[in-house]
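Heads up: the protein sequence lines correspond to chains A and B, in order. The end of the first sequence is residue 181 by the working numbering, with every number in the run present. The end of the second sequence is residue 378 by the working numbering, with every number in the run present.
In case anyone wonders, no lab produced these hints; they're calculated from the structure. Think of the CB as a built atom: it goes at the ideal place given N, C-alpha and C, for glycine as much as any other residue.
Just the calculated beta-carbon pair ranges, DEER-fashion:
{"#": "1", "chain 1": "B", "residue 1": "Leu215", "chain 2": "A", "residue 2": "Glu89", "range": "54 to 62 angstroms"}
{"#": "2", "chain 1": "A", "residue 1": "Arg161", "chain 2": "B", "residue 2": "Phe261", "range": "31 to 39 angstroms"}
{"#": "3", "chain 1": "B", "residue 1": "Lys183", "chain 2": "A", "residue 2": "Ser112", "range": "31 to 39 angstroms"}
{"#": "4", "chain 1": "A", "residue 1": "Ser180", "chain 2": "B", "residue 2": "Asn194", "range": "50 to 58 angstroms"}
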Amino acid sequence: MKTYYNPDDLAKFGDISEFQEPLAKKFFSYYGDVFAEGALSQREKSLIALAVAHAIQCPYCIDAYTTDSLEKGSNEEQMMEAVHVAAAIRGGASLVHAVQMMNKANEISM
Amino acid sequence: MERRGSEFADTTAQLRVLNNHRDRITALPKFASKLKESGLWPLRPTSIDILQMNVGYMCNQTCKHCHVDAGPDRTEIMTRETMNQCLDVIRGGGISTVDLTGGAPEMNPDFRWFVEQASPHVDRIIVRCNLTIINANPKYNDLPQFFARHKINVVSSLPYYNKRNTDRQRGDGVFDSSIKALLALNEVGYGKEGSGLELDLVYNPVGAFLPAPQKSLEADYKRELKRLFNVEFNSLFTITNMPIARYLEYLIASGNYEAYMEKLVNSYNPAAAAAVMCRNTLSVGWDGVLYDCDFNQMLELEVGGAAPSHIRDFDRAALTERAIIVNQHCYGCTAGAGSSCGGEVA
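Same shape as in the complex, but just chain A (with noise of 0.2 angstroms):
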């Protein structure tokens, strides 16, 4: 079935140099940069980077980090509690608005 996302262009995502080569080159050294252990250990980020991927909704990030995550040794559990960061702060985006919906009906309410 032909569908928007290919599970097999994750694995292009190189190929992006082929077009904008500089660009792409800086990029994928910053990527590599932010990754490496630092003050956070690299499994954290790959828990920050799964959370990341849930909220904005890409599914080959989900994949990778989904991976990436195992292979940093987190467990189903850690990996869960991160998509619920995610959630909680998407879902915490839209609630909050609801004071400007307050403040604007109490504005036009007698």
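Following the hints, put chain B in place on chain A, whose structure we already have.
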């Protein structure tokens, strides 16, 4: 696998899959060609320091990933005669470590006799203990004391620090029984600083992915096992699952085979290849036949060239000069930080 009528009970079927399964896999480079690129072909031993003896395929567990296809129904077992042939080699000198594996090595009726005979002649005896054997039968309950008496280095699989992941791979109840056994080992001093009794754990992935970095995962294990169960241990070894036997069956049945092999090949590390365990280890099968490693043993790939093929004919010079037999499964030992019975190698 034979009892279930699996096609992979025939080791040639496993090798056929590893080499010719689908067009995509055939296109993957041969492991030998990778070694050539790394200047390591033919792969030769650096020494023969470790004698790894598989004393029998019988086991009280039936783990889903087992490369030995071990279980309670396996009858292959090393005899005292073959053990004596191994002892002749050990007494001849040059072997620093005897590494006893299985199956559950403790189920061999001559296990304790062999340990008593071998221990005065080597620096270290490793027993690959599955932990649950200690609780499996009253006759095994004193294994911690026996191990301690002979200063055995106990190396035990615990694929994760929780019940869910451990039992999924090793069977229902294995995690709880393993914790009970670890506490019994701690009780006699294993894993305690200054005791001289070394207890190491082995992590291997519960699925079709590569292991986590050894050092960071060891810290997680130490923190969680201490916090949750008051269990202590010395080191964690992370091991990559080899695409053979039951794990190969799992990879194919779950549709993960191609992606896993590609991942192993793409993660090839020349530094890990230079440090693979077959370069300083000789594997002895239950019947005395010699192999380059326990994985080759399970694929029935005997040592090659002019090297003797049985422990009774042990010839250090000929074995040190042999070319190690490699095949596509060897990518499992050279991916990333590498993998050996002692964990990462690079």
